[in-house]
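Colleague: Taken in sequence, the protein lines are chains L and Y.
Read the first sequence against our numbering and you will find it ends at 219, with the numbers running on by one and no gaps.
Read the second sequence against our numbering and you will find it ends at 1421, with the numbers running on by one and no gaps.
In short, the hints are calculated from the structure, not lab data.
Not one of these hints is a red herring.
Within a straight-line C-alpha distance of at most 25 Å, the following computed BS3-like cross-link-like pairs (lysine-lysine) qualify:
id, chain 1, residue 1, chain 2, residue 2
1, Y, Lys1286, L, Lys93
2, L, Lys27, Y, Lys1139
3, Y, Lys1195, L, Lys27
4, L, Lys58, L, Lys153
5, Y, Lys1199, L, Lys27
6, Y, Lys1186, L, Lys27
7, L, Lys93, Y, Lys1277
8, L, Lys27, Y, Lys1129
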Amino acid sequence: MSRLVSAICAVLLLAASTFAQSKNAPKKLGIGQMATAEQIAGWDIDVRPDGQGAPPGKGSVKQGEEIYMTRCAACHGEFGESAGRWPQLAQGKGTLASNDPVRTVGSYWARLSSLFDYVRRAMPFGDAQALNNDELYAVVAYVLNLNDIVDDKFVLSKETWEQVKMPNANGFYDDDRETTEKAFWNKRPCMDNCRGPVTITGRARAVDVTPEDKGAAAQ
Amino acid sequence: MSQPPDQGSTSRRKFVVGAAGLVVAGASGKAIADNPKNQPPNVPEWTRTLGDGVGVRAYGTPSKFEKQVIRRTVPWLTATPESSVSFTPLHELDGIITPNGLCFERHHSGIAEIDPADYRLMIHGMVDKPLIFTLDELKRFPRANRIYFLECAANSGMEWRGAQLNGCQYTHGMVHCVQYTGVPLKTLLNEAGLKSGAKWIMAEGGDAAAMNRSIPLAKALDDCLIAYRMNGEMLRPENGYPARLVVPGWQGNMWIKWLRRLKVGDQPWFTREETSKYTDLMENGKARQFTWVMDAKSIITSPSPQAPAKSKGLTVISGLAWSGRGKVVRVDVALDGGRNWRTARIDGPVYDKACVRFYYEFDWSGEALLLQSRAIDETGYVQPNKDDLRKIRGVNSIYHNNGIQTWHLKPDGEVENVEVG
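So that you can see chain L by itself, here it is in the shape it has in the complex (with noise of 0.2 Å):
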């Protein structure tokens, strides 16, 4: 975490404390009631990086092949490479320095969480939380299979899951703009001359991309 994020957070964490703890929190209003435990059950179905809140369950490639062949190529491309516009998931390894990055699970996700968290509440795309949690683990298992983290042969459980090594788990930094950006504070910005002779280099009309006004012309 940046210097400033986490001097803001431990200051804040200190008062977030006391405000939790401290006798002279404020009252409790005594609006809303109690979750019970089988509401909670129904929505909770996030899970984190240590694998905390995956459901029981297991799925190897081979039936995650199938699940993803039937739900989910028809959008992300038979070997994740994506049908027409919609996103790619696989491939791309080696390409984040590149002028053409391709972020996909395989060449840019830091953690099989997020990957598995994802499918769980929003895939597939139409048809949210349809999966059982044994397809659900297959097809995440599949999807890592088709980026070469997992081979042919893996089940993926809560068992397993500390197994998965997402290869640019180490690809990521916490914010760290108010050092590497500090010169864009400037008490005195410059007013006058502040740069030589002014040329155009690009323009939007030669890169012609905008959509054209439909809805007033119609007019």
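With chain L held as given, fit chain Y onto it using these hints.
Modeller: Quick look at chain Y alone, frame taken from chain L:
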């Protein structure tokens, strides 16, 4: 979001130079058709006949002559409209408040249509007492009214590699500013009681994307709200009806719409939306994460490509500025591509993490100009130019492009989005 296809069409405006030498621009590409029969000395029909009575317009809409004032989309950006964006027509607006029906939309699985009778908000995890609230119960809590801007982190994301889209609606239209009414999140967390060790909350939507984001508890206890009203009326379905999270100054993706669940925990979740998306890829292939704050930014909304200058002489430059770090304290304007700056006039209220409106009036001789604006906030942050941003971040980061925009105002009044060097 994908790259543009190679073919497309322009939003070219045609200009008619009238007899008096006045440049007249119609939003539709033709000159505004006027009718001398309605003008002095004649008495127009609307002065002689009765109009609609009360109640005919039970929920009022803008004049039929304002039909061009609409949210617009860029179809090539996304595969499907259910996971896409429509843009605020900034060039048609003034002041600081965005009308509800014009606030940009970003959905990930379409608009959830939630029956308020079935709406529930759950708070659980590291709390003393997990709670569930109905909408009526949320409305029983003491309320707060706050005006905040909301900007999508991907606003201006198509412009990293150069000038692409010709109009501030498209280059900057993923921002809006409204007044929210709701309950401070702090109040709800107090009601549930935080367990010691609690450090983060996860907010989750009730739509088919079940959008989820991790928010540090410090922010949650600082200024976040659970809002159910915008500009006085209930939230629009597009904006999260009946309740959404408000995370002032931070990227719009965190402002979970159709909010259904808040879970308290001791570490971040690293959801897909804070890993695959909303992380900023730098030139070396490493990416910044948790870049929550939206830096100071401004845009001249008029004149602009969709709002050409109509005549020489006194010309009003109008624009919007905002900062996620606090109040905007000053906006400067340049007419020469950033060589010489002059301070614009801020008019209207200046609130923390809200839009401000700035003006710069000048006598336009009709010569070509390169218009720019730069916002300065109360922390001393000065909106950078695009090249200075690119020097640090490269061009692959998609998000957080707050570089200074250049508009080329041409002698005929037309305006084009350009890059300068």
